[in-house]
Amino acid sequence: MSARRLLSMACLLGVVFAAERAAAQASASAPHGALAMSEQEKRLDKLGLGSATGAPPARVVPGSWAATIPADNALTPERVALGRKLFFDPRLSADGTVACATCHDVSRGFTDQRPVSEGIGGKLGRRNAPTVLNAMFFSTQFWDGRALLLEDQAKLPIVNPIEMGMPNGEAAVAKIAGDAEYVKLFQAAYSRAPNYDDVGRAIGAFERTLVFLDAPFDRWSDGDKNAMSADAVKGFVLFSGKARCVTCHPINASNPIGSDNRFHNIGVSARHQDFESLASRALSELAKGGDSQAVMDRLALETDMAELGRFVVTKRRSDVGAFKTEQLRNVGITAPYMHDGSMQTLWDVVDHYNRGGEANLFLDGGIEPLALSEAEINQLVAFLFALTDVRFAAQVKGIEAAQRARAKTTRPFRENDLALRKVIPFEARVRGEKK
Amino acid sequence: MKGVETKYLESRDELLQGLAKLNRRQFMKVAGAAAGAALAQGILPPHSFTPVRVASAATGGAGDFRFAYVSDSHLYTRDKNDRFVRGLLRAVDDVNRMDPQPDFVLYGGDLAQLGRAEELETGAQILKNLKAPVRMMVGEHDWYFDMGEKWRSLFGADNYSFEHKGVRFVTINSVVEADFWTAKGLTPAERMGTVAGLDNGAQSSFTVGDANRAWLAKELEGVKNDTPLVVFSHSPLYKLYKKWNFWTDDAEEVQKILSRFDTVTVIHGHTHQILTNRIGNISFHGMLSTAWPWPYAPQGLPEMTIQMGRPDPFNPSDGCGDGEVTVHPDGMVDKLYNLWNRNPVTVSRAYMKSNGVEDRPAKPALASY
Numbered sequence: 019m020s021a022r023r024l025l026s027m028a029c030l031l032g033v034v035f036a037a038e039r040a041a042a043q044a045s046a047s048a049p050h051g052a053l054a055m056s057e058q059e060k061r062l063d064k065l066g067l068g069s070a071t072g073a074p075p076a077r078v079v080p081g082s083w084a085a086t087i088p089a090d091n092a093l094t095p096e097r098v099a100l101g102r103k104l105f106f107d108p109r110l111s112a113d114g115t116v117a118c119a120t121c122h123d124v125s126r127g128f129t130d131q132r133p134v135s136e137g138i139g140g141k142l143g144r145r146n147a148p149t150v151l152n153a154m155f156f157s158t159q160f161w162d163g164r165a166l167l168l169e170d171q172a173k174l175p176i177v178n179p180i181e182m183g184m185p186n187g188e189a190a191v192a193k194i195a196g197d198a199e200y201v202k203l204f205q206a207a208y209s210r211a212p213n214y215d216d217v218g219r220a221i222g223a224f225e226r227t228l229v230f231l232d233a234p235f236d237r238w239s240d241g242d243k244n245a246m247s248a249d250a251v252k253g254f255v256l257f258s259g260k261a262r263c264v265t266c267h268p269i270n271a272s273n274p275i276g277s278d279n280r281f282h283n284i285g286v287s288a289r290h291q292d293f294e295s296l297a298s299r300a301l302s303e304l305a306k307g308g309d310s311q312a313v314m315d316r317l318a319l320e321t322d323m324a325e326l327g328r329f330v331v332t333k334r335r336s337d338v339g340a341f342k343t344e345q346l347r348n349v350g351i352t353a354p355y356m357h358d359g360s361m362q363t364l365w366d367v368v369d370h371y372n373r374g375g376e377a378n379l380f381l382d383g384g385i386e387p388l389a390l391s392e393a394e395i396n397q398l399v400a401f402l403f404a405l406t407d408v409r410f411a412a413q414v415k416g417i418e419a420a421q422r423a424r425a426k427t428t429r430p431f432r433e434n435d436l437a438l439r440k441v442i443p444f445e446a447r448v449r450g451e452k453k
Numbered sequence: 006m007k008g009v010e011t012k013y014l015e016s017r018d019e020l021l022q023g024l025a026k027l028n029r030r031q032f033m034k035v036a037g038a039a040a041g042a043a044l045a046q047g048i049l050p051p052h053s054f055t056p057v058r059v060a061s062a063a064t065g066g067a068g069d070f071r072f073a074y075v076s077d078s079h080l081y082t083r084d085k086n087d088r089f090v091r092g093l094l095r096a097v098d099d100v101n102r103m104d105p106q107p108d109f110v111l112y113g114g115d116l117a118q119l120g121r122a123e124e125l126e127t128g129a130q131i132l133k134n135l136k137a138p139v140r141m142m143v144g145e146h147d148w149y150f151d152m153g154e155k156w157r158s159l160f161g162a163d164n165y166s167f168e169h170k171g172v173r174f175v176t177i178n179s180v181v182e183a184d185f186w187t188a189k190g191l192t193p194a195e196r197m198g199t200v201a202g203l204d205n206g207a208q209s210s211f212t213v214g215d216a217n218r219a220w221l222a223k224e225l226e227g228v229k230n231d232t233p234l235v236v237f238s239h240s241p242l243y244k245l246y247k248k249w250n251f252w253t254d255d256a257e258e259v260q261k262i263l264s265r266f267d268t269v270t271v272i273h274g275h276t277h278q279i280l281t282n283r284i285g286n287i288s289f290h291g292m293l294s295t296a297w298p299w300p301y302a303p304q305g306l307p308e309m310t311i312q313m314g315r316p317d318p319f320n321p322s323d324g325c326g327d328g329e330v331t332v333h334p335d336g337m338v339d340k341l342y343n344l345w346n347r348n349p350v351t352v353s354r355a356y357m358k359s360n361g362v363e364d365r366p367a368k369p370a371l372a373s374y
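Chains as they are written, first to last, in the numbering used here: chain A, 19 to 453; chain B, 6 to 374.
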């Protein structure tokens, strides 16, 4: 057995022990630190779900809403009921410990609030679990957009070896096909026996009821001048102006979640070791021609390709290290941030943009130093917290206080000289002062 | 003369008409265009990825050598505009990362925006960080504040030639304008501002001019016809579009001086785009800018040019970049455009030599003009 293998087993055991300890401490816990599924369902009932009949939610243009629903999966209460049951069912994983709701935990903003997710056997993935809330409004799913619809997305973690670990979709269906209740629910929802495509469809249908667009910002936009604090209002002005956020995070009635649905390199990957040499290697392999898919598969097996982001899907230089613009809705309860969960607070996120991202050969041209003052950073963060649905008001209050306390002592991404353009990105590199 | 919109609508019509009367060949053409458009919008499912053809940089046949280019940075001082400064820094970083290092780096002119000493000094400071030796060329933005005085004090003569690995290189000042300022009583700053205006119609056309042409003819005296010749000029040494000075007014006379050589390659700046032309024995290649891409001229585009798609207005570095030139023993080159936001494009020796028949660069996925 190789040293590396021993090491990974030791890490794995450590994670398992930690999970067991955590489970022993809180009896309401499900494996991998999630809240018990029954508790999650109770909380879900309290939150109140959106329409299960396809009626457009408040504040959303009806046409935009209709465009989020695929022709073969019209929203019905039967489909939503089936999807909901599947969403909380750990039987869909190889060892019965991971459900969708393990990493998209109702009590944690429908994410796991970890940097990267933990799958079967305590295996750690490479990406931060995005929230399921409002995810129906994206035109692609996953950080690299490799799935187009919720229906496609839902089927992939189940068969991913480090997430839910099923060998294939049929195996997942076999786990639940003997359950008479499922047979009944599938029949009612899709008029046929359980099958994997309908698993994806039903989960997608359920997820379309997770519309959470009732934030202080929306109420303020509707005319309630007291719905947002004065700081948050100033933050909105910065968001739309000096801080340039709105360029990639447009937020309006036809696109309510604040994502341009595009992919940008903002430099988060560049902080990972060897990112640029890996990218250069991938590009030069591609330049040699041949079967690019095979080249990429080989590189993916050999290397830390995850950091190349959208490039792995499109093989375009403009997508190297580029990840999907995440939504801003409920961002107050979905820390840590970025595709790798490398930022703990919204202050860190604003600091990152304020310094002009992290310089790298593939940095998006729209990323510029912002020269935001400390007061302006606080106003912007106040606005971001005001994008949290009022149903999470109590939760976000605690998180905001905790983040504020942390930001008072820890601001790892703050770089005033870069933000104020006293130092220009690339300058230190070109002069050989860094790395 | 057709406007940009007219040409765009015509090319769209052509595509739609192609759809209406499909035979197999046309179908392949249309399907390719549609797939490209779909890919550009990122709407293809992940497993139906269409491989993007990336022309490879030639990696050294016998007798080949390679130089890098950086061009058209248009620097203001960094307190006025640090985006352009960042662009040049980024290009220097690119070139310094080339492995193996290029034999030298050509700087293609327009280092400064308004010809000021501080702008040129800012550029000189940044270019000092290049690991490989630099060959400088002058552009009109470097020249018309003090008629090249500061530029020459920093970088030396504007016309010079050198020999490298059996190839004769000549750098020539092609941005000489007839005096339009004295009669109008313009100050140096006003003169520079007028030239920097590009399409204002208030300036003269670029020329190499009598003096520089005489120098060129003399410099090439005694160089054998079969010596590979590479010429660096800021403006294209042909007539493309007069209103933007994508133009050299005495181009025919310059081409005549070059006509006796077997093979001539002209590498020029100024046009900020992928631009390819072939006139007789002369191949012309444009360079990318590190500051901004120009649109294509509404008329006169050479047939050999495979246009790069429209730059993404959202992304200020799209359409910008730098590049490499691999020189073959016969003096013809593979010209690599290293676009910062796109896959690289190579306009190869084979493409030029076959007059556009072989090894055509891939058409861009994004819409052309």
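It is worth saying that the hints were derived from the structure and are not from the lab. Take the hints with a grain of salt, since some may be wrong.
Lysine to any residue pairs mimicking SDA-like chemistry, simulated, CA-CA at most 20 Å apart [stated by the list, open to error]:
| hint | chain 1 | residue 1 | chain 2 | residue 2 |
| --- | --- | --- | --- | --- |
| 1 | A | K260 | B | F266 |
| 2 | B | K136 | A | A446 |
| 3 | A | K440 | A | A400 |
| 4 | B | K358 | B | F266 |
| 5 | A | K202 | A | H290 |
| 6 | B | K85 | A | F106 |
| 7 | B | K85 | A | V441 |
To see whether the hints hold, each was checked on the structure:
no. : hint              : result
1   : A/K260 <-> B/F266 : 57 Å, violated
2   : B/K136 <-> A/A446 : 15 Å, holds
3   : A/K440 <-> A/A400 : 27 Å, violated
4   : B/K358 <-> B/F266 : 15 Å, holds
5   : A/K202 <-> A/H290 : 49 Å, violated
6   : B/K85 <-> A/F106  : 57 Å, violated
7   : B/K85 <-> A/V441  : 14 Å, holds
Violated hints, listed in ascending order, are 1, 3, 5, 6; each of the other numbered hints is respected by the structure.
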